[in-house]
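There are 4 protein chains.
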Amino acid sequence: MTVRIGVIGTGMIGRDHTRRIQQVLSGARVVALSDYDPAAARAVQAGLVPEAQVFERSEDLVASDQVDAVLVCSTGATHEPYVLAAIAAGKPVFCEKPLATTAAGADRIVRAEVDFGKRLVQVGFMRRYDAGYRMLKQVVDTEIGAPLMVHAAHRNQSVPESYATPMAIHDTLIHEIDVLRWLLDDDYVSAQVVFPRRTRHSHAGLADPQLVLLETKKGVRIDVEIFVNCRYGYDIQCQIVGEEGLANLPEPMAITLRKDARLQNALLVDWKERFIDSYDVELADFIAAAARGTAVGPSSWDGYVAAITSDACVEAQESGKIVPISLPKRPALYDQG
Amino acid sequence: MTVRIGVIGTGMIGRDHTRRIQQVLSGARVVALSDYDPAAARAVQAGLVPEAQVFERSEDLVASDQVDAVLVCSTGATHEPYVLAAIAAGKPVFCEKPLATTAAGADRIVRAEVDFGKRLVQVGFMRRYDAGYRMLKQVVDTEIGAPLMVHAAHRNQSVPESYATPMAIHDTLIHEIDVLRWLLDDDYVSAQVVFPRRTRHSHAGLADPQLVLLETKKGVRIDVEIFVNCRYGYDIQCQIVGEEGLANLPEPMAITLRKDARLQNALLVDWKERFIDSYDVELADFIAAAARGTAVGPSSWDGYVAAITSDACVEAQESGKIVPISLPKRPALYDQG
Amino acid sequence: MTVRIGVIGTGMIGRDHTRRIQQVLSGARVVALSDYDPAAARAVQAGLVPEAQVFERSEDLVASDQVDAVLVCSTGATHEPYVLAAIAAGKPVFCEKPLATTAAGADRIVRAEVDFGKRLVQVGFMRRYDAGYRMLKQVVDTEIGAPLMVHAAHRNQSVPESYATPMAIHDTLIHEIDVLRWLLDDDYVSAQVVFPRRTRHSHAGLADPQLVLLETKKGVRIDVEIFVNCRYGYDIQCQIVGEEGLANLPEPMAITLRKDARLQNALLVDWKERFIDSYDVELADFIAAAARGTAVGPSSWDGYVAAITSDACVEAQESGKIVPISLPKRPALYDQG
Amino acid sequence: MTVRIGVIGTGMIGRDHTRRIQQVLSGARVVALSDYDPAAARAVQAGLVPEAQVFERSEDLVASDQVDAVLVCSTGATHEPYVLAAIAAGKPVFCEKPLATTAAGADRIVRAEVDFGKRLVQVGFMRRYDAGYRMLKQVVDTEIGAPLMVHAAHRNQSVPESYATPMAIHDTLIHEIDVLRWLLDDDYVSAQVVFPRRTRHSHAGLADPQLVLLETKKGVRIDVEIFVNCRYGYDIQCQIVGEEGLANLPEPMAITLRKDARLQNALLVDWKERFIDSYDVELADFIAAAARGTAVGPSSWDGYVAAITSDACVEAQESGKIVPISLPKRPALYDQG
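Read top to bottom, the protein sequences are chains C, E, P and S. When you line the first sequence up against the numbering used here, it's residues 39 to 375, in that order. When you line the second sequence up against the numbering used here, it's residues 39 to 375, in that order. When you line the third sequence up against the numbering used here, it's residues 39 to 375, in that order. When you line the fourth sequence up against the numbering used here, it's residues 39 to 375, in that order.
Read the hints as simulated data drawn from the structure, not as lab findings. Do not take every clue at face value.
Intra- or inter-copy, both count: the list cannot distinguish identical chains.
[As the list claims (entries may be wrong)] Simulated crosslink set (DSS-like; lysine-lysine; CA at most 27 Å straight-line):
| # | residue 1 | residue 2 |
| --- | --- | --- |
| 1 | Lys310 | Lys367 |
| 2 | Lys156 | Lys310 |
| 3 | Lys175 | Lys359 |
| 4 | Lys359 | Lys156 |
| 5 | Lys359 | Lys310 |
| 6 | Lys175 | Lys310 |
| 7 | Lys256 | Lys310 |
| 8 | Lys310 | Lys255 |
| 9 | Lys255 | Lys359 |
| 10 | Lys256 | Lys175 |
| 11 | Lys256 | Lys359 |
| 12 | Lys156 | Lys135 |
| 13 | Lys156 | Lys367 |
Values in this document were obtained by computation on a predicted structure and should not be read as measured data.
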């Protein structure tokens, strides 16, 4: 079957997912679009999917019997109601991060899905679909023994003035929070944040860099450097130290060039390039599961845990203390990873 | 539009392309299958495309008005007649290498396509679609000045007893012959082959390794090591030395592991893994062009030049001499790369 | 002039320095030996320096008018009195680490040297003489802007049962404490230690690994992983993150080997190999300065600061708290690095 | 004993060796100097060895009973007579390359040394003392099985106008000729030279780059790229392909820097830095053997073979043909490497 998809939110990411479904991936087509600004939805329709229907109200898109599954790509504050509507309609829904803007909101989604009794929600934590992280997970699972420590870094060339200190958690660390849980098959029990000397390339509202220290149930100690005005490039590092060995996330593939007295590789500067292939893979996963009426991959439970952990990290930013993190019991629905 | 594709030859590669079109790529579906052994075609039909029609005769598949474009994945000796039939029918055709088993056969295809007046043929030289070679081409075109030398290697862990000395050219070097012409935008003028000490891991009918020396019109000197019982892995190396710098083909992405007193990366051992992504890209290119009634990428001219060059290399294997290579004038149809 | 050296302590390191002075380096010769066990001193005499005099009492060696400069290679508890004796005699003295077993003892040496009015003491912090660290210092000083963070690791394959938790500071971290101060031209203001999950390869008296977090006056945040049963090799890592870029300590030179489906480099397993060349360089530095009647390189002040910092780290191990570190004012004698 | 050394030729290399013996190495001192320009010798005397005697005639330096061993660092054409004089005097002699300017001259030295009956000559092929090549030799001897091929490159940033085509052999390839024989424990049987497209950065008298193809007795095929206006740096590459695996000469140690959107290492640009440490090691080897009245390391036989091979390579440059190389039987004196 071909999965008929409705896309809510036709900004950069919604438009890109539409293109992906129409022009790259097998098994689905976009049949419906909606946006806060209907003209934006119509522009995407005209450019990519003339045969799709534009809905004035996203609620109507979710409810339409022409729509088998939903992509939520709208602004963060609207994710919760649209996801809840999709669950109410029994339709698989792919939701860009964050699942909700509060842990309470994410919890409401978890409860609704548990009540429905089947997984319907996939959260857009695309790193789990990155070829490098997948290689790393396989090595962590088979080669290095029990993980003991993780040394990670998340670096951007620069960020705009609007990026303030807590966004280092909500917009940046959120990816490490999810992907490290997945890599380690573990959960967090405490968070601490320390602030190194501030780079002169930062601005008034942003303490940059930051060093986040996480502790897991199994005792793994994680340090994540967040440095979003690092100047030199977009760089994601992850090193897992295990009882029997140590593994590093691969560098993105690059040409080794000998020129100008340098042995050199180009580094990425644009974050959009780093995980571009993983967007294809996560949506293919969504389409394949939606064709079976369900969802796989990062779940609403994962979105909820990320929200709780993020809140603790922000508290740790503010207090300078070691902040405990406690989670409710995981519903059985989410036991299969 | 959705391109309706007929697949001739349902062995390993034909089956894999069928899966690719049905399950991975957008824009096409397989509607027809044929094979020398119709039971093989029916097995693929049953497993992957129940709705496809199985033809007893491949000629009928080519002629069917249900088929917009053809994939030729049958045994090498049958490529020429099926490609000629597709050209006669005015249908885009993707032909796995070799385009024909003789240069004369490839020439007949070129003439037919030129007479038709539009490109219809894409040859399955997938390396041009590999992300690493594409990065390398960009660097060669922009960073290192005029190319002067190429140092390349093509290594397999081992080959079966059936692999004899000339197959190092026809089955192995053929890929370097094509991809280096494309990287350099150049053609060959001579070939020489020297035989190093034979590895004890070779067998009676195979001189392994071999070193092929090629010279191009622009004066670039190329050395290609072919070593098909190298034991350690499947390894494709390519280094371009230019007037201003030097660029290397990237290694396949791998986890760096510290374990057992070794800093180590796994190397590929299976050739099928090395270019697996490029099969997706080359077929997507074929589908997109076929939707416009034409073909792009490696052309029948490229297949013809590869055949002429291969013949010269085999002659150089046998004679120990430097064998000149001369090409007829390239028809204008192929001027756009 | 040829510097006439007396060596106190003829165990492994004393014997090795004797060989170095006699057989490798220019500008000095060993003229006197002493050891707690005079037979040991006589054995070194017989094997390496027949013309040297063996002293029963090390104090007599220091006082001898045949001796221009002294090497203290005896057991740690004896360092302080021998160094003080050398200062009293106005003779340059090279002292293996630790300078003294307590901060108070190191302070006494500092005061004696300040009273003497000229540098006479070099402490055996050999990493400052390692080619890799020297390259790193140059890059830190010129290429990466203000340092903001350091990520370091100190890993041994394994340690004996006698190695208990505090030794991770006194025997292991002590090197990072000194070399990072030197790299950053900075001092420490606080220390924290966290304990990850313990490796199953550790033993009862040792929490392994440990993560030490240091903060400097300039606000640099340092994390040092100490993992002394890491199994895979002896591995020293150091990454400096600056405002304009990031630099890594080089890996020791190794052959890249392709074999057995691995791209692999041998890692060191024996710590003695890692800095073996730097012993030559530090002693050459000592000899050159001793010929001028003074000392250069790591000073007694550096030894004193290392002792204070170590004490704070051990307190942090025990308390789990962030322990402040405060230093007295540095005497002007030590202002020139 | 301290070996008393006389240095003939006080240009750059003679002066540097004098400094090395006086200030770095143990076991020797320079007691005599001579130069075509006695003022040059007196300048080195004044700056480095006031106590040394300056001889007007180098023959007198060789004959002086104050001189135990001789370093020949004068211009190439004078090497043969000074080495012969040292042999006649029974004194160990270190001779910078070339041993003689003709194969016949080198042969005369071999015959004189054989007649003397003991090795006295060490030729300045310093690469055998480079840490990287030594690591490579160990791996070649133990890890990769029988060598089958060598891919090597010798690249300089640029050369002056005085550097003409044959100097690519006599001044540049000469090092690969010696070090590859040593690595492989083999001799050459033929040479061929091909000329790629000439770089625009070359000049009228120099065909640059060149590709030299050598064949050994054991059947190993060697390709050496010589590219002396490569622009990007001084770069020595060597890859040995064996029956069981493949090994590469290490890159010189360098800091990995992330800056300006590049992952980058500085490359060497000055050839003098590349093997600077190996000069120390080769002279230490000379001094140690000279103290025993003999010589070790690269022998006059090695210098003679290098001369014969160079001559064949120059003939191959001129003729474009494959030139056979044949050697007389090696005298037993040189059987021990």
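Please name the hints from earlier in the document that this structure breaks, with their numbers sorted from lowest to highest. Of the numbered hints, 1, 2, 3, 4, 5, 7, 8 do not hold.
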